[in-house]
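Trainee: Heads up: the sequence lines are chains A and B, in that order. For the first sequence, the numbering used here gives the first residue as 60, with consecutive numbering after it. For the second sequence, the numbering used here gives the first residue as 1149, with consecutive numbering after it.
Be careful, since some hints might not be right.
What the hints assert, rightly or not - Below, computed lysine-lysine pairings styled on DSBU-like, alpha-carbon distance capped at 30 Å:
1. Lys1552/B / Lys1208/B
2. Lys1643/B / Lys61/A
3. Lys1409/B / Lys61/A
4. Lys1387/B / Lys122/A
5. Lys1387/B / Lys1180/B
6. Lys1283/B / Lys1208/B
7. Lys1387/B / Lys1374/B
8. Lys1283/B / Lys1306/B
9. Lys126/A / Lys61/A
10. Lys1283/B / Lys1552/B
11. Lys1152/B / Lys1180/B
12. Lys61/A / Lys122/A
13. Lys1374/B / Lys1208/B
14. Lys126/A / Lys1306/B
15. Lys1283/B / Lys1409/B
16. Lys1180/B / Lys1208/B
17. Lys1374/B / Lys61/A
18. Lys1283/B / Lys122/A
Since the hints were made in silico from the structure, they are not lab data. If you're wondering where the values come from, they're calculated on a predicted model, not measured in any experiment.
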Amino acid sequence: MKGHWVEFDRHWRDTDVVNCQVCGRLIPSRAWMFDGGRGELRSCSPDCEEIYFSYVEPEHGPKEAAK
Amino acid sequence: MNEKLELDNVGLHVLHNAFTNIAAEMALVMMKTSYSTIFNEGLDFSTVLLDARGNLIAEKNFTPSMMGAIPNTVAWTLEEFGPEFFSPGDIVVHNDPYRGQCHLPEHMMMKPIFLGEELVAFSGAIGHVAEVGGKAPGSFASDATDVYQEGLRLPPVKLMEGGEYAEQVWRIVLANHRTPVNTWGDFHAMIGALNVGERRFSALAERYGTETVVDGGQRLIDYSEKRLRAEVVDLPDGKYEAEMQVEDDGVGSDPFTVRVKVVIRGDEVIADFTGSSPQVRGPMNCTFVVALSAIYNAVFCVTDPEALIPRNSGCYRPVRIIAPPGSVVNVVHPGPSVGGNTDLQPKLVDLLLAALSQAVPGRVAASSGGSSSNLLFGGTHPETGRYYSNYHFDGMGAGGTNEKDGNDAEVTRHSNCRNTPIEVFEHRYPLLTLEYGMVTDSGGAGRHRGGLSTTRTMRVTAPEITFSALFDRSRIAPTGLFGGEDGLGSLLLVKRRGEDEFRSFDEVFGVASPTKFTNVVLCEGDEIRYRTPGGGGFGDPAERDPEALQADVADGYVSREAAGRYGAGPGPQEGTAR
Ligand SMILES: [Zn+2]
Chain A
60 MKGHWVEFDR HWRDTDVVNC QVCGRLIPSR AWMFDGGRGE LRSCSPDCEE IYFSYVEPEH
120 GPKEAAK
Chain B
1149 MNEKLELDNV GLHVLHNAFT NIAAEMALVM MKTSYSTIFN EGLDFSTVLL DARGNLIAEK
1209 NFTPSMMGAI PNTVAWTLEE FGPEFFSPGD IVVHNDPYRG QCHLPEHMMM KPIFLGEELV
1269 AFSGAIGHVA EVGGKAPGSF ASDATDVYQE GLRLPPVKLM EGGEYAEQVW RIVLANHRTP
1329 VNTWGDFHAM IGALNVGERR FSALAERYGT ETVVDGGQRL IDYSEKRLRA EVVDLPDGKY
1389 EAEMQVEDDG VGSDPFTVRV KVVIRGDEVI ADFTGSSPQV RGPMNCTFVV ALSAIYNAVF
1449 CVTDPEALIP RNSGCYRPVR IIAPPGSVVN VVHPGPSVGG NTDLQPKLVD LLLAALSQAV
1509 PGRVAASSGG SSSNLLFGGT HPETGRYYSN YHFDGMGAGG TNEKDGNDAE VTRHSNCRNT
1569 PIEVFEHRYP LLTLEYGMVT DSGGAGRHRG GLSTTRTMRV TAPEITFSAL FDRSRIAPTG
1629 LFGGEDGLGS LLLVKRRGED EFRSFDEVFG VASPTKFTNV VLCEGDEIRY RTPGGGGFGD
1689 PAERDPEALQ ADVADGYVSR EAAGRYGAGP GPQEGTAR
């Protein structure tokens, strides 16, 4: 896996939640970031980098980078 | 002094039974001490043991709709706050649909189990709390357009801190639920279950040693993973697609679409919902964990229908999901989701089985009724002067399978709940049941017939009752499979006092949907009648065993007229079948 973890720095008053761009799961506190071909994707774990390259990208094409 | 327990197959079996019995005792505590019928009669809850990272170790009386939520609720709370968030005697509650809950009424409570200084496990209880505020009594607004109309949302917060009441949190909760006495009782039933789980787990660790019990839990998870992967390997590799239309979202009248591609590759299964409709305005959206529960459910149906593999997090590992955020299978804030859990989830299971029917045709079922047929009501009870509220569901037909007819009058395949007896119902609520039975001809014809649905007629005996409903499958019937016919759809009718005929709610009250509406006021003497959906048939009706058909006619399951649909069936239509 080529990605890396990024810890969120969120105040408790921030009520937004963030989802994995690959599988849709909640990302509670840290994201696994990796280059999906069109910039960095925000995912929930290295497993999602694996499934992205083994299934999602070949099946649906590359995803847009995280905003 | 610990008793020696080798963690060989025999030892693991002993430990598995011990864990499961703890979960079962927890369930009994909830059933026997709760206040609401949805817990003590409906059994709409689950009790579990989890490891220190939130992995499921054992469960009992499991409601399959909660499978996705249970481990993730704990794991994600741990991820968000860290293990240091938990201290001995704490109980954390959480019903946030965007953080791992099925929908707003579902509340998960978790209690850390410490042995000495070390956090070694959690006891957990999850249940559908009957009343959590929001715009409709029973907290099931079928026309809700955001989560704030659905009730009080709690992120993970402590209800108990070090064994003491976190009084400020309780005050907020009780002030926002319409029936705070029930909430008080039901929350304490859950807390009681957690305390029993903690005590029994600690006693088990005392008996066999902490290391043995903790290590044994992990080995059981690994064992289940290995066995489930072995079952998945036996499924033919491939991509299997299916698509369905759902009739409406409760707010508009347009149907929406769910698409799935089930990918079997080696020892893992991927359910990819890419291409499903964007999340809808009304409350028919699923949360992520609800979609996850549906795929677990479908995979277990085709790989291990008799649950011979210990159900724990190991069974979940070979199953992966792709649920695009902002779609009907993964609602994002502030989208509503109360009906996604009860009425989209069972249809997701049907959809996944339809996809899997291409891989393992002999192991799937035709569509079930697929609607929990939710009926909500509340008001001031004329005898007690107190506010009451209830969440009610009834049984429907299950789909026929390769082996047998669908079950009759069964509460949805994703809930495993029980109906509430008429006696209990009438004792608690001002509604008189005039008729309750199974519906002839509601099961789709097939080699194996769909199960029969139920009908109920009730009369209001209070000056007024506020009703809400969320029924589905009224316009798009449960589908048959491999030539089996569709089941009969649902129906919801009302007869005003002094009138002779039952009519639809949209005709009488001008609501947008005949089966999804909120806060309709009925008065004394008014009657409500409904029919839940029947199951789809499996296989060509002409291939049905003639003796089985004759028995169906004799028992009133199939009318003489409808028997003609089976080709060689008895009755006046004999020989004139299509
Ligand atoms: Zn992911």
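Trainee: Checked against the structure, which of the hints given earlier come out wrong?
Mentor: Hints 2, 5, 6, 10, 11, 14, 15, 18 contradicted; others consistent.
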